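Number of protein chains: 2
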Amino acid sequence: MRGWQLVKRPDGMIAESDFSLVTTDKPALNDGEVYVRNTWLTVDPAMRALMGKAEEGYAPPLPLNAPLPGRAVGQVVESRSPDLKPGDKVFHTLGWRDESVGPAKSFSKLPVEADLSDDLWLGLMGMAGATAYFGLIDVTQPKAGETLFVSAAAGSIGTTVVQLGKILGLKVIASAGGPEKCDYVRKLGADEVIDYKSPGSMIDKLKKAAPKGIDIYFDNVGGDHLDAALANARPFARFSECGMIQTYNYKDARQPVPLGHLMRIIASRISIIGFTIYDYEHRLDESRRAMAQWIREGKLKPCIDVTNGIETVPRAFVGLFTGRNVGKTLIKL
Amino acid sequence: MRGWQLVKRPDGMIAESDFSLVTTDKPALNDGEVYVRNTWLTVDPAMRALMGKAEEGYAPPLPLNAPLPGRAVGQVVESRSPDLKPGDKVFHTLGWRDESVGPAKSFSKLPVEADLSDDLWLGLMGMAGATAYFGLIDVTQPKAGETLFVSAAAGSIGTTVVQLGKILGLKVIASAGGPEKCDYVRKLGADEVIDYKSPGSMIDKLKKAAPKGIDIYFDNVGGDHLDAALANARPFARFSECGMIQTYNYKDARQPVPLGHLMRIIASRISIIGFTIYDYEHRLDESRRAMAQWIREGKLKPCIDVTNGIETVPRAFVGLFTGRNVGKTLIKL
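Note that the protein sequences, when read in sequence, are chains A and B.
For the first sequence, the working numbering assigns the number 1 to the initial residue and increments by one for each residue that follows.
For the second sequence, the working numbering assigns the number 1001 to the initial residue and increments by one for each residue that follows.
Looking at chain A on its own, in the form it has when it is part of the complex (with noise of 0.2 Å):
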């Protein structure tokens, strides 16, 4: 079984070699424990605040020198417990590893829906479209013809939440890395892509494609995006927190992040609401039946970036913070 640890806490920018993979044997199976053969992992840019000092982090720092977890799917292929037989198609979280072994109760049962692809549920059916789904549908409350904002557009929630935007009658502005990402963007829908490696500020950059300013802004970025959007929101806007990728990666996690545009909060009543998809899992249900309607019905389309093989996870890892990914990034074993 070989699966990744992390043999060295970053000093700023993640790298591939802060990364190891380490082979084991397999152990003997005890009473309730399942094996699985793992067929897709993911890599999540979340858990980037876990890997250093974390004193920012969602949760406590990841231990060096320890197998890392990570959503996967996988099958069983071998079983000592009665809630799961040998083919099941699980989802779990020990990921980051070729196979993985342990109780049964760390391994869901995929539901079966014949249709739908089994990497769907890393991306659209799974925590990456559920945090779209929940932090712009519930957190947001959206209403149709209004304007949303959403920075790191072609990411993996980012690419969902332009979609769901149009799916709710929402004008899209949609920020993202160079010209490729940003075609790609626009081909998923977005009525105004902003370039940020362009030159220019992200304040008049946003000015110019939402003159009239913005009702929501889904905040993947921090930094810069977030001051521009407290720059340009309109009375009563309603700021989705999700992510702050720009600043994942300070060799301090407490750097200040400079903000010109604080008092616009007030001037302009904005709410500003952080979250976190662990707060909807018991609401998961409600937005699987969603997606995968609209999957059904060709408006929602997975956007994935696939690598082959699990010496490929640090590379995606690192990738998500490069800009070298579009989509959700997946690693195909």
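Calculated directly from the structure, the hints in this document are not laboratory data.
Everything numeric in this text was worked out from a predicted model, so none of it was measured.
Quick reminder that beta carbons are idealized off the backbone N, C-alpha and C, glycines included.
A hint or two may mislead.
Said to hold, decoys possible - Label pairs and their in silico Cβ distance ranges:
id, chain 1, residue 1, chain 2, residue 2, range
1, B, Phe1236, A, Lys187, 35 to 43 Å
2, A, Met13, B, Asp1204, 26 to 34 Å
3, A, Gln255, B, Pro1027, 56 to 64 Å
4, A, Met13, B, Asp1285, 54 to 62 Å
5, B, Arg1315, A, Ile137, 34 to 42 Å
6, B, Glu1016, A, Thr322, 51 to 59 Å
7, A, Lys143, B, Asp1285, 26 to 34 Å
8, A, Ser201, B, Pro1061, 17 to 25 Å
9, A, Lys187, B, Arg1234, 25 to 33 Å
10, A, Pro103, B, Glu1297, 57 to 65 Å
11, B, Pro1060, A, Ser201, 18 to 26 Å
Got chain A sorted already, so can you dock chain B onto it with the hints?
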């Protein structure tokens, strides 16, 4: 008639020399107009945001060399309107002057509450009281037993929020500048008081005062107080953004404010909610009813800081930013 005018846009810290007291002849009254002699004036820190270039302000900048507005209480001397008669006491916003002439609809008759003194209509029974009331009760939805942090607690809004917090059964952590103000706030009922002028970081001081963190932050200050609140926020904390006095006198209204703990918004699922009292004007009866009852029950005490004479207006206003005032600053004419 004497009234103060802004004669110079402040460059950084506001100064008394930015104002000039101008004498004009009383105009003849037109039909529908009244002539009011003011008895009480007040000054309000939010006005500072309208004196500079005010790109970040609530409203367009105040014009130079024109009578300044401001909340005031007065008595009708002469009337050419059927709606008001000589002797009527009125509330209005034609302040920063000793006498006012204007259409009767610009003046609201004070509700007859024989036991409440006139100056209360500029404090607890006025917009300042309503700001504390709605900013705490409506914006943050406090529950008894929760921990509230309120900044600038010796100020007009702060002294009210401290008392409302205790009425609502909250644990109240308050910040103020210097031992005298801290004593004052402690006597109002605050459970823990932080002297923000003492050595050390606000983050550490707040952590010491609220080791289990805060559920609610009522922000009058912004800047390092806001960052400290982010750093110490418990899950699902609510921030009521009322004012950011720390930044009003920046030379550049857009001077960036460095925040080191923005990721806490997500990790701790914080809601940061901007509001202005203008959005609650239709509900003033609600706050006035509650405030009047608490005043009569002796649970809520007016905290006022009175200077005498129209000449003292700019000094009182500048004092809001140099930390000279305690409670609501009033000018008695």
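Hint check results:
1. For phenylalanine 1236 of chain B and lysine 187 of chain A, the Cβ-Cβ distance of about 38 Å falls inside the hinted range of 35 to 43 Å, so the restraint holds.
2. A hinted range of 26 to 34 Å for the beta carbons of methionine 13 of chain A and aspartate 1204 of chain B is consistent with their spacing of about 30 Å.
3. The hinted range of 56 to 64 Å is satisfied by glutamine 255 of chain A and proline 1027 of chain B, whose Cβ atoms lie roughly 59 Å apart.
4. A hinted range of 54 to 62 Å for the beta carbons of methionine 13 of chain A and aspartate 1285 of chain B is consistent with their spacing of about 57 Å.
5. At about 53 Å, the beta-carbon gap between arginine 1315 of chain B and isoleucine 137 of chain A misses the expected band of 34 to 42 Å.
6. Distance hint check: the CB atoms of glutamate 1016 of chain B and threonine 322 of chain A are about 55 Å apart, consistent with the given range 51 to 59 Å.
7. For the pair lysine 143 of chain A and aspartate 1285 of chain B, the supplied restraint of 26 to 34 Å holds, since their beta-carbon distance comes to about 29 Å.
8. Range check, serine 201 of chain A to proline 1061 of chain B: Cβ separation about 23 Å, and the 17 to 25 Å hint holds.
9. One distance hint, 25 to 33 Å for the beta-carbon pair lysine 187 of chain A and arginine 1234 of chain B, is violated here, with the actual separation near 43 Å.
10. Between proline 103 of chain A and glutamate 1297 of chain B the C-beta distance comes to about 59 Å, which sits within the given range of 57 to 65 Å.
11. The beta-carbon spacing between proline 1060 of chain B and serine 201 of chain A, approximately 24 Å, falls within the hinted interval of 18 to 26 Å.
The structure fails to meet hints 5 and 9 from the earlier list, while all remaining hints are met.
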